[in-house]
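As a plain string of letters, each chain reads:
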Amino acid sequence: MLSIGNISHTYSHRKGPAVRALRAVSFEAARGEVTAVIGPNGSGKSTLFRLVTGALALQQGHITLDDRAPSGARLGVVFQSPALDRQLTVFENLAHHAMLYGRRLKKADLPAALLDVLDLRGRLEARVDELSGGFQRRVELAKALLTDPELLVLDEPFTGLDVNARDAFFSVLQHITADRGLATLLVTHELSIATRAERVVLFEQGEVIADERPADLLKDFGRMVVVIRGADLSAIDARIRAASSIATLRLADDALLLKDTTLQEVLMTVDERDGRIDDIEARRPTLEDYFIDRTGHALQSAVEELKAA
Amino acid sequence: MTAILLPTYSLWVRDLKHFIRQRSRVIGAVGQPFVIWIFLSAGFKNSVNAGGADYGVYLFPGIIMLIALFAAIFSTISVIEDRKSGFLQGVLTSPAPRASIVWSKMLAGTTIALLQSVVFMVLLPFTGLSLSWEGIGLSVLILAATGMTLTGLGFLISWSMTSTQGFHAIMNLLLIPMWLLSGAFFPPEGTASWLAAIIRLNPLYYVTTLFQKAFFIGSGVAVAGGPSVGVSVAVFGGLFIVLFVISLRLVRKS
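Top to bottom, those sequences are chains E and Y.
To get this note's numbering, take the position in the first sequence, counting from 1, and add 1.
To get this note's numbering, take the position in the second sequence, counting from 1, and add 82.
Check before you lean on any hint, since a few could be wrong.
[Unchecked claim] Not close to chain E: a few residues of chain Y, all C-beta gaps over 10 Å, as computed:
#, residue
1, Leu88
2, Gly110
3, Trp215
4, Leu255
5, Ser275
6, Gly302
7, Phe322
[Unchecked claim] Under the rule of at most 20 Å between Cα atoms (straight-line distance), these lysine to any residue pairs were calculated in the SDA-like manner:
#, chain 1, residue 1, chain 2, residue 2
8, Y, Lys166, E, Ala109
9, E, Lys107, E, Asp120
10, Y, Lys166, E, Ser47
11, Y, Lys166, E, Ser82
12, Y, Lys99, Y, Ile159
13, Y, Lys335, E, Arg15
14, E, Lys108, Y, Val95
15, E, Lys108, E, Asp120
16, Y, Lys127, Y, Glu271
17, Y, Lys99, E, Leu125
18, Y, Lys335, E, Tyr12
19, Y, Lys335, E, Leu57
20, Y, Lys335, E, Arg51
21, Y, Lys166, E, Ala56
22, Y, Lys99, E, Asp130
23, Y, Lys99, E, Arg128
24, Y, Lys166, E, Leu125
25, Y, Lys99, E, Arg105
26, Y, Lys99, E, Ala99
27, Y, Lys166, E, Val129
28, Y, Lys166, E, Arg51
29, Y, Lys99, E, Thr90
Read the hints as simulated data drawn from the structure, not as lab findings.
Glycine residues also receive a C-beta, built at the ideal position from the N, C-alpha and C atoms.
Bound-form chain E, shown alone:
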């Protein structure tokens, strides 16, 4: 069990005020499970990643794995930016990495099961820069797992991957985590992936605002939600509240979410031919819905703004 207890961290600057990045953060990540850490930019995710990997010194609190510090060979790390040597082959990358951990590695020593699950067995002699982004990520994961860590920490490992590669990578990650009994901490802004994790820890302004299984986080939203898009949704919102017991949530100026309902139920109250309505859709609730419900603002929009910049 990874235990993070009462961590606070403040960045001091010579010029300008100090910035408090984390405030009394506590949560646990069980072995055999992927724990996703999500939150908007500046919420403290990266600071947490740097503290867990030892890149930053702890100022307050503790980080332990089964009551011991998770450093050295007990820790496997996958960084957001690639940490591979693109001029070397896959095997050379693995062998050089193993030596940093004090192990000499021959091809015969490579764990066959790991190579198979990552589909790298036939690619050991390929130069890393000849591999696709998805396979480069798999090599990163193989590197991190090569030293038999007990804690695996990944920072935005899906950067640059398409949807299929992302899904495949996460499936492999989840399989390895369960198979090896790892405590896996996944820092990500990919909410669709985080929804598939066993546990989600939600950060906002340096604090943990939720720490639950995704299904428990979303239980108030029911199995399905309905989203109405249009220009003037206040009147429609008021009519739904007056005429039914459906709970509503404003996702944005032009989007109204109706919790735990069906399209048929909504259409009994709302006329889809109403000129103010552009679109009505039924879908499963998402972590973005939950985040807006809790904080009053969107999580993904902060990420999109950053990408646009």
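Keeping the supplied structure of chain E fixed, place chain Y upon it in accordance with the hints.
Coordinates of chain Y only, in the frame set by chain E:
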């Protein structure tokens, strides 16, 4: 002690693989000093007083020093590249001692410098010189010491830099004058007093003179003047220790 050996070996071999796999780098490393030696020795043959020796012969060890200087220092560009490519973050979070980063870069820079210098030595028959084994052995030792020290200088500068272009600009600004005023190109004796004073402030002067003296042992070419062996070893050895300690502190702080 054993904990540092394998990581150091790993990072050292990795840098050598990079060097060997970049054919253009190998060709440039050997070709450039060859061209410089041919043109300078022909151009200054009758203009420079080389203490009675043929100028091409006098310049030969100086060119080897140039090779070692540039090879050692520019090998540390890999520090900036490793940081930019993200490779360094993996090393920093591993249990490898931080000192292994400094040692491996120093060893890689020195190995590359020695390899290039030895390749250049194939031109030795064209000078008409015959060297003694004692001279060759001492020369290799001094080149290794030069490689370690200058890689230390390059490491110190590259560790805190983010741009390879900036590193090139700064190193060229520093290296060319350092080499020109090292005694490799012309001896300080007979130059203006202010120039001779600058040469004596240049740490490279001490190792270059030492190298020339070792190189010409038993060849019949005498290197007159210059600092004593003891002073040269003290100045250059001191510089190595200072650069190594500062580099180690820098790496441990990050």
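Status of each hint after checking the structure:
no. : hint                 : in the structure
1   : Leu88                : violated (5 Å)
2   : Gly110               : holds (17 Å)
3   : Trp215               : holds (36 Å)
4   : Leu255               : holds (28 Å)
5   : Ser275               : holds (45 Å)
6   : Gly302               : holds (46 Å)
7   : Phe322               : holds (26 Å)
8   : Y:Lys166 to E:Ala109 : violated (32 Å)
9   : E:Lys107 to E:Asp120 : holds (18 Å)
10  : Y:Lys166 to E:Ser47  : holds (18 Å)
11  : Y:Lys166 to E:Ser82  : holds (9 Å)
12  : Y:Lys99 to Y:Ile159  : holds (15 Å)
13  : Y:Lys335 to E:Arg15  : holds (18 Å)
14  : E:Lys108 to Y:Val95  : holds (18 Å)
15  : E:Lys108 to E:Asp120 : holds (15 Å)
16  : Y:Lys127 to Y:Glu271 : holds (18 Å)
17  : Y:Lys99 to E:Leu125  : holds (17 Å)
18  : Y:Lys335 to E:Tyr12  : holds (16 Å)
19  : Y:Lys335 to E:Leu57  : holds (11 Å)
20  : Y:Lys335 to E:Arg51  : holds (15 Å)
21  : Y:Lys166 to E:Ala56  : holds (17 Å)
22  : Y:Lys99 to E:Asp130  : holds (15 Å)
23  : Y:Lys99 to E:Arg128  : holds (13 Å)
24  : Y:Lys166 to E:Leu125 : violated (25 Å)
25  : Y:Lys99 to E:Arg105  : holds (18 Å)
26  : Y:Lys99 to E:Ala99   : holds (17 Å)
27  : Y:Lys166 to E:Val129 : holds (17 Å)
28  : Y:Lys166 to E:Arg51  : holds (18 Å)
29  : Y:Lys99 to E:Thr90   : holds (11 Å)
Consistency note: the structure conflicts with the earlier hints numbered 1, 8, 24.
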